[in-house]
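Enquirer: Chain by chain, the residues run as shown.
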Amino acid sequence: MSFSLTLTVNGETRAIDLDDPRVTILDLLRERLHLTGSKKGCDRGQCGACTVLVNGRRVNSCLALAVSLDGADVLTIEGLARGDALHPVQAAFIDHDGFQCGFCTPGQIMSAVGLIREGQAGDDPERVREGMSGNLCRCGAYIGITQAVLEAQARLASEQGEAA
Amino acid sequence: MNRFDYVRAGSVAEAVAAAAEPGAAYLAAGTNLLDLMKGGITRPTRLVDVTHLPGLDRIEALPGGGHRVGALVRNSDLAYDAEFARAYPAVAEALLSGASAQLRNAATLAGNLMQRTRCPYFYDPASACNKRDPGAGCDARGGETRLHAVLGWSERCIATHPSDLCVPLVALDAVVEIAGKAGTREVALEAFHRLPGDAPERETVLEPGEMIVSLRLPQDAAAFAGHSRYLKIRDRTSYAFAVVSASAALRLEGGRIGAARLALGGVALKPWRARAAEAVLAGAEPGEASFRAAADAALAEARPSGDNAFKIELARRLIVRTLTLAAAGTPERMLALPASAFADGSALHA
Numbered sequence: 001m002s003f004s005l006t007l008t009v010n011g012e013t014r015a016i017d018l019d020d021p022r023v024t025i026l027d028l029l030r031e032r033l034h035l036t037g038s039k040k041g042c043d044r045g046q047c048g049a050c051t052v053l054v055n056g057r058r059v060n061s062c063l064a065l066a067v068s069l070d071g072a073d074v075l076t077i078e079g080l081a082r083g084d085a086l087h088p089v090q091a092a093f094i095d096h097d098g099f100q101c102g103f104c105t106p107g108q109i110m111s112a113v114g115l116i117r118e119g120q121a122g123d124d125p126e127r128v129r130e131g132m133s134g135n136l137c138r139c140g141a142y143i144g145i146t147q148a149v150l151e152a153q154a155r156l157a158s159e160q161g162e163a164a
Numbered sequence: 001m002n003r004f005d006y007v008r009a010g011s012v013a014e015a016v017a018a019a020a021e022p023g024a025a026y027l028a029a030g031t032n033l034l035d036l037m038k039g040g041i042t043r044p045t046r047l048v049d050v051t052h053l054p055g056l057d058r059i060e061a062l063p064g065g066g067h068r069v070g071a072l073v074r075n076s077d078l079a080y081d082a083e084f085a086r087a088y089p090a091v092a093e094a095l096l097s098g099a100s101a102q103l104r105n106a107a108t109l110a111g112n113l114m115q116r117t118r119c120p121y122f123y124d125p126a127s128a129c130n131k132r133d134p135g136a137g138c139d140a141r142g143g144e145t146r147l148h149a150v151l152g153w154s155e156r157c158i159a160t161h162p163s164d165l166c167v168p169l170v171a172l173d174a175v176v177e178i179a180g181k182a183g184t185r186e187v188a189l190e191a192f193h194r195l196p197g198d199a200p201e202r203e204t205v206l207e208p209g210e211m212i213v214s215l216r217l218p219q220d221a222a223a224f225a226g227h228s229r230y231l232k233i234r235d236r237t238s239y240a241f242a243v244v245s246a247s248a249a250l251r252l253e254g255g256r257i258g259a260a261r262l263a264l265g266g267v268a269l270k271p272w273r274a275r276a277a278e279a280v281l282a283g284a285e286p287g288e289a290s291f292r293a294a295a296d297a298a299l300a301e302a303r304p305s306g307d308n309a310f311k312i313e314l315a316r317r318l319i320v321r322t323l324t325l326a327a328a329g330t331p332e333r334m335l336a337l338p339a340s341a342f343a344d345g346s347a348l349h350a
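Going down the list, the sequences are from chains A and B.
By the UniProt record's numbering, the letter at position 122 of the first sequence is numbered 122, and the numbering carries on one by one without gaps.
By the UniProt record's numbering, the letter at position 163 of the second sequence is numbered 163, and the numbering carries on one by one without gaps.
In short, the hints are calculated from the structure, not lab data.
Each hint should be verified, as a subset may be incorrect.
Claimed, not checked - Cut-off 20 Å, straight-line C-alpha distance, at most; resulting in silico cross-link-like pairs (SDA-like, lysine to any residue):
(1) B:LYS38 - A:VAL23
(2) A:LYS40 - B:LYS181
(3) B:LYS38 - A:ASP19
(4) B:LYS38 - A:ARG44
(5) B:LYS38 - A:THR146
(6) B:LYS38 - A:GLY41
(7) B:LYS38 - B:VAL12
(8) B:LYS181 - B:PRO22
(9) B:LYS38 - A:GLN46
What the hints assert, rightly or not - Here are a few chain B residues that sit away from chain A, every Cβ distance over 10 Å (derived from the structure):
(10) ALA24
(11) LEU34
(12) GLY40
(13) ALA128
For glycine and all other residues, C-beta sits at the position ideal for the given N, C-alpha and C.
I would like the entire structure built from these sequences, with the hints used as guidance.
Expert: Below, the structure written as structure tokens:
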């Protein structure tokens with residue numbers, strides 16, 4: 001049996017035919033759409049390396065069946081920069097050494113983008129740490145990650161203020 | 001993961017008909033189900049996808065008071081609904097202390113009620129488990145029992161229900177609204193999950209095909225809003241299941257406790273309503289003496305199911321702490337670390 005679905009991935013609408021309903025959105029992105037930025041760490045929702053935004057909200061892409069997300073809008077790490085201009089969260093991760101080996105970084109960055117959109121953390125490092133607890137970093141770059149999220153949030157807020 | 005038929009239901013009636021078949025399971029977010037399927041712990045032959053059903057994602061205020069929450073409302077949407085969180089602050093606190101932000105953005109209300117135990121022996125296909133394989137035995141007995149029951153367990157099963165959300169909900173007399181082939185029915189959340197007894201594989205009172213459509217908070221539940229907390233002891237600061245948790249809700253009237261609600265998590269195979277403790281608290285003066293007496297009443301029947309006697313004393317102390325913080329008043333703003341037993345919520349008023 002085959003399943004037809006439509007997904008918008010990084011702004012591009014794609015018609016997708018699946019031969020198997022077991023395909024997660026993570027496997028679809030990586031194996032079929034060749035977007036390998038989202039990482040398969042634990043594949044069980046424990047590490048956050050697969051984090052993407054679905055309809056604007058951060059989720060674990062390893063724990064969602066693609067067929068169930070028919071019609072959804074998906075944003076991955078590949079869709080974040082504008083040409084050569086990095087997204088403020090990406091730039092802040094570089095400025096603050098928010099990574100070492102880099103494996104968890106796409107998930108960390110997508111999670112941070114989701115956290116900032118949710119608007120619940122404010123400028124409180126404790127709330128940022130709590131809000132980022134679904135993303136593990138085995139290199140232990142948490143201090144840099146927290147600083148990067150706080151700076152990116154401040155920058156995005158000031159850009160929004162200027163645009164208004 | 002095993003192969004399965006995928007059915008997308010267009011209506012509740014269609015879903016109920018499709019799920020009545022043996023081997024069928026409902027799919028909402030799938031955050032627990034897919035995890036279990038990847039591990040080969042559950043092998044449904046048919047998934048009935050209910051995520052596209054209209055109307056089940058609403059939070060409604062009811063005309064006579066109380067609220068109805070649709071089965072598909074996401075945990076984060078419920079926790080951040082300002083009106084809901086004001087009326088039932090302990091429910092919001094429990095929600096935000098559970099899982100991670102990513103999981104809360106996906107996981108649904110009904111999925112939370114239906115989630116399976118996190119007993120590591122249930123999750124390990126190489127271990128004997130009466131819940132996974134009735135009659136096989138229980139390797140948790142004599143094993144690592146930190147996350148296991150001290151109330152309501154049986155020789156067959158000592159697992160616990162892992163939900164945070166269900167703990168304040170059961171304290172507030174929430175009612176589960178269920179659709180089935182013969183129409184709809186209601187079950188008190190307190191009676192929804194089953195204790196293990198001789199049949200730990202039967203976890204809820206749902207009949208085959210029955211589907212949770214919503215959950216109702218009764219009219220008087222919001223009366224506790226001023227003095228409600230959920231506290232959770234866990235092995236790391238965030239993103240961990242409860243070793244023990246407690247939800248307390250008080251109505252204070254003229255320096256005395258007019259009414260009290262108390263429930264525990266992480267101690268039994270269901271969210272545990274401590275009615276004996278509530279009876280001790282009703283009419284008493286709030287304070288350490290009455291809170292200790294309530295804790296003793298709540299745990300009078302507790303006994304270790306293995307090397308976990310510490311959980312009984314831990315629960316006793318957590319009950320006193322939760323009642324103390326509830327009596328001090330619900331924090332005006334959600335704590336940075338929701339449900340932390342180590343943050344003094346009352347200080348936020350300063």
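Enquirer: State for each hint whether it applies.
Expert: Here is how each hint holds up against the structure:
| no. | hint | result |
| --- | --- | --- |
| 1 | B:LYS38 - A:VAL23 | holds, 11 Å |
| 2 | A:LYS40 - B:LYS181 | violated, 41 Å |
| 3 | B:LYS38 - A:ASP19 | holds, 18 Å |
| 4 | B:LYS38 - A:ARG44 | holds, 8 Å |
| 5 | B:LYS38 - A:THR146 | violated, 32 Å |
| 6 | B:LYS38 - A:GLY41 | holds, 14 Å |
| 7 | B:LYS38 - B:VAL12 | violated, 27 Å |
| 8 | B:LYS181 - B:PRO22 | holds, 15 Å |
| 9 | B:LYS38 - A:GLN46 | holds, 13 Å |
| 10 | ALA24 | holds, 14 Å |
| 11 | LEU34 | violated, 5 Å |
| 12 | GLY40 | holds, 13 Å |
| 13 | ALA128 | holds, 22 Å |
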